[in-house]
Amino acid sequence: MSRPPSMLAERSRQRGYSPEQPAKQAEEAELGWLAAWADAWSRFWFTPTDPLPLAIIRIFTGAILTWSCLVWLMDTDAFFGTRGWLPPAEVWRMNDQPWQWSWYFAFGSPTAIRVLAGITLIAALLLTLGLATPLAAWIALLGLVSAANRAPLNTFGLDDMLGMLLVGLAIGPSGSRLSLDRRLLAAEQGRGAVSARATVALRLIQVHLCVVYFFSGCGKLFGVTWWEGVAIWGAAANGQYRTLDLTWLAAHPLTINAITLATLFWEVAYVALVWPRLTRRLFLAMAVAVHLGIGLTMGMMEFGLAMITANLAFVPAATWRRLLPNDRPSPTFLTPRTDLA
Amino acid sequence: MPATNSCLFAGFRMPATSTQTFPSSGRVARAVSSVGILIYLAAVIIAPLSGPPPASGLAQVMLQPFRPLLGALYLGHGYRFFAPDPGPGHSIRWEMSMPDGSTRSGSIPDATSDWPRLLYHRRFMVAEKIASLVPPADAPPEFRALARTDWLPLVKGVAGNLLRSQGGSRVTLAMVEHYLPGPDEVLAGTIEPDMVIPLGTFAPAESLRP
Numbered sequence: 001m002s003r004p005p006s007m008l009a010e011r012s013r014q015r016g017y018s019p020e021q022p023a024k025q026a027e028e029a030e031l032g033w034l035a036a037w038a039d040a041w042s043r044f045w046f047t048p049t050d051p052l053p054l055a056i057i058r059i060f061t062g063a064i065l066t067w068s069c070l071v072w073l074m075d076t077d078a079f080f081g082t083r084g085w086l087p088p089a090e091v092w093r094m095n096d097q098p099w100q101w102s103w104y105f106a107f108g109s110p111t112a113i114r115v116l117a118g119i120t121l122i123a124a125l126l127l128t129l130g131l132a133t134p135l136a137a138w139i140a141l142l143g144l145v146s147a148a149n150r151a152p153l154n155t156f157g158l159d160d161m162l163g164m165l166l167v168g169l170a171i172g173p174s175g176s177r178l179s180l181d182r183r184l185l186a187a188e189q190g191r192g193a194v195s196a197r198a199t200v201a202l203r204l205i206q207v208h209l210c211v212v213y214f215f216s217g218c219g220k221l222f223g224v225t226w227w228e229g230v231a232i233w234g235a236a237a238n239g240q241y242r243t244l245d246l247t248w249l250a251a252h253p254l255t256i257n258a259i260t261l262a263t264l265f266w267e268v269a270y271v272a273l274v275w276p277r278l279t280r281r282l283f284l285a286m287a288v289a290v291h292l293g294i295g296l297t298m299g300m301m302e303f304g305l306a307m308i309t310a311n312l313a314f315v316p317a318a319t320w321r322r323l324l325p326n327d328r329p330s331p332t333f334l335t336p337r338t339d340l341a
Numbered sequence: 001m002p003a004t005n006s007c008l009f010a011g012f013r014m015p016a017t018s019t020q021t022f023p024s025s026g027r028v029a030r031a032v033s034s035v036g037i038l039i040y041l042a043a044v045i046i047a048p049l050s051g052p053p054p055a056s057g058l059a060q061v062m063l064q065p066f067r068p069l070l071g072a073l074y075l076g077h078g079y080r081f082f083a084p085d086p087g088p089g090h091s092i093r094w095e096m097s098m099p100d101g102s103t104r105s106g107s108i109p110d111a112t113s114d115w116p117r118l119l120y121h122r123r124f125m126v127a128e129k130i131a132s133l134v135p136p137a138d139a140p141p142e143f144r145a146l147a148r149t150d151w152l153p154l155v156k157g158v159a160g161n162l163l164r165s166q167g168g169s170r171v172t173l174a175m176v177e178h179y180l181p182g183p184d185e186v187l188a189g190t191i192e193p194d195m196v197i198p199l200g201t202f203a204p205a206e207s208l209r210p
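Protein sequences appear in the order of chains A and B.
Numbering of the first sequence is given in my numbering, commencing with residue 1 and proceeding in unit increments.
Numbering of the second sequence is given in my numbering, commencing with residue 1 and proceeding in unit increments.
Any given hint could turn out to be false.
Unchecked claim - Below, a list of computed lysine to aspartate or glutamate pairs in the DMTMM-like style, where the Cα atoms sit at most 20 Å apart: (1) B:129 - B:192; (2) B:129 - B:85; (3) B:129 - A:96; (4) B:129 - B:184; (5) B:129 - B:110; (6) B:129 - A:327; (7) B:129 - B:114; (8) B:129 - A:90; (9) B:129 - B:150.
Bear in mind the hints are in silico, worked out from the structure with no lab data behind them.
So that you can see chain A by itself, here it is in the shape it has in the complex (with noise of 0.2 Å):
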């Protein structure tokens, strides 16, 4: 049975599909295709929009940090000293020296150390909490630089992921939203407001954790345990990451074939398949799924939720007002044309 006319003009508008289109088809034809392109560039990149999903992220983001934080400074004569894991001098062996710089080249002594350490947790802390947040978030991605760049050793998917996701929280307004800045300066004009800032730091996470999946699936493409469909076997099998005990897969192998193919297809797939409305959902859900199975059984949490907080810069801003609907900002701040979301 056909929908009313009237319904379908309304499925259209919701949809975008206007009157208006063929009129701005026409405008863009005048405008050009490189005008085009440089238009549709800065409404991608430029947009104002809430910094809310920026501040979740920031929060997740400071206390994956914090915690990374506390573990290396239980250790720092052997991460970071000049007698550790890696001496100072053989660091080059597995950097791309002079380029990969750190603090902890500067200054040797124990105490030193420490209280560099010590530094980058306080940054860690702050950028949670929000207080002070842009100084906080330029010297904890300054912090973990260091680290991971004098502790190549040590260092895995977790420090990548952390330091993807604080440089966009160093180039937005990070802290207008659920910080403990907003509350102390809430006077200020315009805290909390949308910002193309935003957009520009949501915009580089997202296409950033893209570019980390394609590649990460791609490479999986070269294996032959992946085209097999018992890649996943191998990681289960492995007792050195093993915290759960899989090998009764052993005995269902069309269920591991399932699940190595879904994995494969998903991370191949993320980069054009999680901008589309349409299948968004299914491809963070399947995030949250996979980096938690991760997490789990491989003993990895603190990776596997680095990269599902990297996932919420997919998660748009209204579903967090509605999940969150104490912290509003100002209504002047949410004009309708600017509540992006």
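Once you have looked at the hints, place chain B on chain A.
Same frame as chain A, but now just chain B:
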């Protein structure tokens, strides 16, 4: 209320025209920001394109101008998580002579003592990254000799850290490649032994020598 178009992209509804989009930001600011964004995107795409191997010569050439940015912001990653195939796990087994004549032994990482799990994982990476440089025991001797120049300085660092933290006088290290059984082997209960590759014996002075 101005008309809006549904956006193809996540979570954002774009205003219909650019004149509505940017009420306050200037063209110059947008142009400068755009250049910065393009540089950042180029850097984060070229980094995994240029390594780890296999990688094209073109990607290596394109990487060169981005090395300062990638290094400074810790963005130069290959992103090959569990690729191309998940392999066996590794650990470094150590046995240490103490100044009083006693001996101690252990493993890097050690699931029983390395807590919390993130600390275990950071130590686990030491074994995994050095293992990626150590060829199997049945590799051609000339290949093993060549690879030794890469992994030996790193192993000396590990030895030095162990001697410092434990107060030992001599430590012997071995790389253990833990056998990764197939499903059939697990069901049959026929699991092969781990492969052990000696890495050497080191005294404090040797572990510090470049």
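For each hint, the structure was consulted:
1. B:129 - B:192: violated (23 Å)
2. B:129 - B:85: holds (16 Å)
3. B:129 - A:96: Distance ~16 Å between residue 129 of chain B and residue 96 of chain A Cα, so the pair holds.
4. B:129 - B:184: violated (29 Å)
5. B:129 - B:110: Since the Cα atoms of residue 129 of chain B and residue 110 of chain B sit roughly 16 Å apart, the hinted pair holds (cutoff 20 Å).
6. B:129 - A:327: violated (45 Å)
7. B:129 - B:114: holds (18 Å)
8. B:129 - A:90: holds (14 Å)
9. B:129 - B:150: Given pair residue 129 of chain B, residue 150 of chain B holds - Cα atoms ~12 Å apart, limit 20 Å.
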